[in-house]
Amino acid sequence: QHQYEDAYWARKPEWTYAEAAIFGSSHYHLPKIFRWFTGNIGLHHIHHLASGIPNYRLPECYRSSKDLLALPRMTFLESLNCARLALWDEAQRKMISFKALKAAA
1 QHQYEDAYWA RKPEWTYAEA AIFGSSHYHL PKIFRWFTGN IGLHHIHHLA
51 SGIPNYRLPE CYRSSKDLLA LPRMTFLESL NCARLALWDE AQRKMISFKA
101 LKAAA
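Take the sequence shown: its letters are residues 1 to 105, numbered as in the numbering used here.
Hint data in this document are derived by calculation from the structure and do not stem from the laboratory.
Keep in mind that this is a model prediction, so the values were computed, not measured.
There could be a bad hint or two in this list.
[What the hints assert, rightly or not] As a list, the in silico SDA-like pairs of lysine to any residue whose alpha-carbon atoms are at most 20 Å apart: (1) Lys32 - Pro72; (2) Lys94 - Glu19; (3) Lys99 - Gln3; (4) Lys12 - Gly24; (5) Lys32 - His44; (6) Lys94 - Phe23; (7) Lys99 - Asn81; (8) Lys99 - Leu87; (9) Lys32 - Phe76; (10) Lys94 - Thr75; (11) Lys102 - Glu90; (12) Lys94 - Asp6; (13) Lys99 - Ser79; (14) Lys94 - Trp15; (15) Lys32 - Thr75; (16) Lys32 - Ala10; (17) Lys94 - Leu71; (18) Lys94 - Ala10; (19) Lys99 - Asp6; (20) Lys94 - Trp9; (21) Lys12 - Lys94; (22) Lys99 - Thr75; (23) Lys99 - Leu80; (24) Lys66 - His47; (25) Lys102 - Tyr4; (26) Lys66 - Ala21; (27) Lys32 - His47.
Construct the entire structure; sequences and hints are all you get.
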């Protein structure tokens with residue numbers, strides 16, 4: 001959830017709590033049964049924004065905010081591609097794989 005290509009990473013001068021909470025975690029759109037089993041872990045970005053919200057209320061919070069609804073979602077199949085992302089490329093400001101690092105060298 002924190003390791004995807006366009007994840008938010010920033011150094012202290014540019015870092016903000018809200019941006020780190022919303023863009024530092026993905027909206028992991030899981031099938032309904034997995035949402036129930038995982039306590040809505042796919043809405044992890046909302047948890048980071050307001051950790052006091054119980055996990056069973058996260059979907060309600062998500063649906064009530066047009067700003068949250070506008071954020072990109074990551075499906076289970078899309079998330080499989082994130083397993084290879086292990087390094088932060090400071091110049092490109094995105095996560096990359098070791099293979100991409102080697103290709104750039």
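Hint by hint, here is what the structure shows:
As the CA atoms of lysine 32 and proline 72 are separated by approximately 18 Å, the hinted pair is consistent with the 20 Å bound. Distance check on the hinted pair: lysine 94 and glutamate 19 sit about 15 Å apart at the alpha-carbon level, within 20 Å; holds. Distance check on the hinted pair: lysine 99 and glutamine 3 sit about 16 Å apart at the alpha-carbon level, within 20 Å; holds. Between lysine 12 and glycine 24 the alpha-carbon distance is near 14 Å, which keeps this suggested pair within the 20 Å criterion.
For the suggested pair lysine 32 and histidine 44, the alpha carbons sit about 15 Å apart, so the restraint of at most 20 Å is met. With a C-alpha separation of about 12 Å, the suggested pairing of lysine 94 with phenylalanine 23 holds against the 20 Å cut-off. Taking the CA atoms of lysine 99 and asparagine 81, the gap is about 13 Å. The hint holds against a cut of 20 Å. A threshold of 20 Å between alpha carbons decides the hint, and for lysine 99 with leucine 87 the separation of about 10 Å falls inside it, so the pair holds.
At roughly 12 Å between alpha-carbon atoms, lysine 32 and phenylalanine 76 fall within 20 Å of each other, so this suggested pair holds. Note on lysine 94 and threonine 75: the hinted pairing holds, with a Cα-Cα distance of about 19 Å set against a maximum of 20 Å. Distance restraint check for lysine 102 and glutamate 90: the Cα-Cα separation of roughly 15 Å lies within the 20 Å cut-off, and the hinted pair is therefore satisfied. The straight-line distance between the Cα atoms of lysine 94 and aspartate 6 is roughly 5 Å, inside the 20 Å bound, and the hint therefore holds.
Simply put, lysine 99 and serine 79 have alpha-carbon atoms about 18 Å apart, close enough for the 20 Å limit, and the pair holds. Taken as a hint, the lysine 94 and tryptophan 15 pair is honoured in the structure, with Cα atoms around 15 Å apart against an allowance of 20 Å. With a C-alpha separation of about 12 Å, the suggested pair lysine 32 and threonine 75 falls inside the 20 Å cut-off, and the hint holds. The hinted pair formed by lysine 32 and alanine 10 fails the criterion: a straight-line CA distance of about 33 Å is larger than 20 Å.
Distance hint between lysine 94 and leucine 71 is fulfilled; the C-alpha atoms sit about 17 Å from each other, no more than 20 Å. With a C-alpha separation of about 11 Å, the suggested pair lysine 94 and alanine 10 falls inside the 20 Å cut-off, and the hint holds. A hinted pair counts as satisfied when its Cα atoms are at most 20 Å apart, and lysine 99 with aspartate 6 qualifies at roughly 17 Å. Taking the CA atoms of lysine 94 and tryptophan 9, the gap is near 8 Å; set against the 20 Å cutoff, the hint holds.
Taking the CA atoms of lysine 12 and lysine 94, the gap is about 17 Å. The hint holds against a cut of 20 Å. At roughly 23 Å between alpha-carbon atoms, lysine 99 and threonine 75 are farther apart than 20 Å, so this suggested pair is violated. As the CA atoms of lysine 99 and leucine 80 are separated by approximately 16 Å, the hinted pair is consistent with the 20 Å bound. Straight-line distance between C-alpha atoms of lysine 66 and histidine 47 comes to about 17 Å, which keeps the hinted pair within the 20 Å bound.
For the hint pairing lysine 102 with tyrosine 4, the CA-to-CA distance comes to about 19 Å; that is within 20 Å, so the pair holds. Under the criterion of a C-alpha separation no larger than 20 Å, the hint pairing lysine 66 with alanine 21 is consistent with the structure, at around 17 Å. Distance hint between lysine 32 and histidine 47 is fulfilled; the C-alpha atoms sit about 18 Å from each other, no more than 20 Å.
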